[in-house]
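Peer 1: Residue numbering for the sequence shown follows numbering that gives the first Met the number 0, starting at 0 and increasing by one per position.
Since the hints were made in silico from the structure, they are not lab data.
Take the hints with a grain of salt, since some may be wrong.
As a list, the in silico SDA-like pairs of lysine to any residue whose alpha-carbon atoms are at most 20 angstroms apart [as the list claims (entries may be wrong)]: (1) K182 to Y195; (2) K182 to V78; (3) K208 to N121.
Cβ pair distances, simulated, as ranges [what the hints assert, rightly or not]: (4) A373 to H329: 46 to 54 angstroms; (5) W221 to G167: 48 to 56 angstroms; (6) Q117 to T359: 41 to 49 angstroms; (7) S240 to I180: 26 to 34 angstroms; (8) G171 to G242: 55 to 63 angstroms; (9) P199 to Y268: 30 to 38 angstroms; (10) L236 to L168: 43 to 51 angstroms; (11) L236 to Y268: 20 to 28 angstroms.
Backbone N, C-alpha and C define an ideal beta-carbon position, used for all residues, glycine too.
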Amino acid sequence: MSQSGVGAPLCRRTPYAPVFVPRLFADGSASWDTASRDYRNPLPCPGRRRVCPCGRRAVTGILAVRVDDMFAIILISLVSLTISFFCSLVEACIYSVSRSRIESLRRDGHASGRRLAQVRSNIDEAIAAILILNTIANSGGAAWASALVEDRFGDWRAGVSAVFVFAGLFTGSVLFFSEIIPKTIGVKFADRLAPYLALPLTGLILLLKPLVRLCVGVTRMWGKDVHLRHPTEEDILNLVSLGQRGGAILPNEARWVANALRLNDLTAYDLMTPGSVVARVPETLTLRHTTIDAQHWRFSRIPVCADDNPDRIVGVVYRQKVFDGLAKDHFDARIGDLMDAAEFVSEKTAAHELLDQFLTKRRHLFCVRDDNGAFTGVVTLEDVLEALLGAEIVDEKDLHVDMQELARQRRQRLLRQSREFIESHPEDGAK
0 MSQSGVGAPL
10 CRRTPYAPVF
20 VPRLFADGSA
30 SWDTASRDYR
40 NPLPCPGRRR
50 VCPCGRRAVT
60 GILAVRVDDM
70 FAIILISLVS
80 LTISFFCSLV
90 EACIYSVSRS
100 RIESLRRDGH
110 ASGRRLAQVR
120 SNIDEAIAAI
130 LILNTIANSG
140 GAAWASALVE
150 DRFGDWRAGV
160 SAVFVFAGLF
170 TGSVLFFSEI
180 IPKTIGVKFA
190 DRLAPYLALP
200 LTGLILLLKP
210 LVRLCVGVTR
220 MWGKDVHLRH
230 PTEEDILNLV
240 SLGQRGGAIL
250 PNEARWVANA
260 LRLNDLTAYD
270 LMTPGSVVAR
280 VPETLTLRHT
290 TIDAQHWRFS
300 RIPVCADDNP
310 DRIVGVVYRQ
320 KVFDGLAKDH
330 FDARIGDLMD
340 AAEFVSEKTA
350 AHELLDQFLT
360 KRRHLFCVRD
370 DNGAFTGVVT
380 LEDVLEALLG
390 AEIVDEKDLH
400 VDMQELARQR
410 RQRLLRQSRE
420 FIESHPEDGA
430 K
């Protein structure tokens, strides 16, 4: 095979490529010499290899050098941008995926749900692994490609200019293709993409575990572990409000959620019917005389008091038991024989605790007492449901919609009558 002619052959199977080197003489003439470049070594290799060891002819050497250099620069840049794209996408998805989506995946038995929950519980490790890989890709890729750009130009001035141009193009590419675009996609499609990114992220954390532990250990020197803040009641109410405005939640549903979250702020004292308007019957009252106070039996449950003290509640009698006794002609039976033991709660018992006790004890009425043990009123399951629904539950036989308002009106009427009596009898007030 001939070794003469301008430009030595280059074989794609070998790492050698000839490079033309100018040679100047004293008389001003010039000639071109060749040297081979080993692409496994960025420095020129000595020698004048014009024929490839494999014996195959290829394209002209100087053209091959430029094409291979440009290919390497483009390849390194694309790999760097791809890795950075992946890191930004994962970071945006991990921060944006909703907790409800993670819990849904866990309940359905998906492994991705378990991995996502583990990543979110140790978010500092996930972020450290992502940033480590992203920094290596951006910094390493930029440095490597810049070195190839500078090496491609022999003149140092041209090399420096080319590096500056490449740096600007690379920075712009990182900004758009590795930051803005992937993070926008990650935020917009987080719930869809997060299950597929959970496994690669878990593998990345394990691969970079030593560096991750080092970074996390350093950050812990300036504070506690980095964990995502749990949502508060205010956050949930804001989400409900947004869902209502967007049409995903009905107004009644939004009101019920808000009322349910505020149950712990209400107490039995806030919900109870005051004792001043609570109907009660003495324990020694016989069924024969129950018709005297027939208006009491509008209620399905009536507190039973002691004969000597109407404020001392000794039990609760069910209207159905009284009517059953009357139907069987047990007229001499006493209310005390039919009553059940009364359940007492404190005035400070929260509404959500009342609801739980109503369900667990299968009761519909509790007697309320103050810190001194005195009877102050009754609270029912209906009262808690009214607080939950945000509306009064009025039966067709109810004479008054709001018993608390009735109690306030009676209290004000008694105070007004007392004040009028004192004003009309000043001599009695002086005594």
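Peer 1: Is 48 to 56 angstroms respected by the C-beta to C-beta distance linking W221 and G167?
Peer 2: violated (35 angstroms)
Peer 1: Could you grab the alpha-carbon distance between K182 and Y195 and see if it respects the 20 angstroms cut-off?
Peer 2: holds (16 angstroms)
Peer 1: Is K208 close enough to N121, meaning Cα to Cα at most 20 angstroms?
Peer 2: With Cα atoms ~13 angstroms apart, K208 and N121 stay inside 20 angstroms; holds.
Peer 1: Hint says 41 to 49 angstroms; check whether the CB-CB distance for Q117 and T359 agrees.
Peer 2: violated (35 angstroms)
Peer 1: Range first: 26 to 34 angstroms. Now tell me if the beta carbons of S240 and I180 are that far apart.
Peer 2: holds (32 angstroms)
Peer 1: If I claimed the Cβ atoms of P199 and Y268 lie 30 to 38 angstroms apart, would that claim hold in this structure?
Peer 2: At 56 angstroms between Cβs, range violated.
Peer 1: Confirm or reject the claim that L236 and L168 have a C-beta distance inside 43 to 51 angstroms.
Peer 2: Holds - the Cβ-Cβ distance for L236 and L168, about 48 angstroms, lies within 43 to 51 angstroms.
Peer 1: So the hint says 55 to 63 angstroms: do the beta-carbon atoms of G171 and G242 match that?
Peer 2: violated (39 angstroms)
Peer 1: Checking one constraint from the list: CA of K182 to CA of V78, max 20 angstroms. Satisfied?
Peer 2: holds (18 angstroms)
Peer 1: Quick check on a hinted range of 46 to 54 angstroms for A373 and H329, using CB atoms only.
Peer 2: With a Cβ separation near 33 angstroms, A373 and H329 fall outside 46 to 54 angstroms, so the hint is violated.
Peer 1: If I claimed the Cβ atoms of L236 and Y268 lie 20 to 28 angstroms apart, would that claim hold in this structure?
Peer 2: holds (25 angstroms)
The structure shown violates the earlier hints numbered 4, 5, 6, 8, 9.
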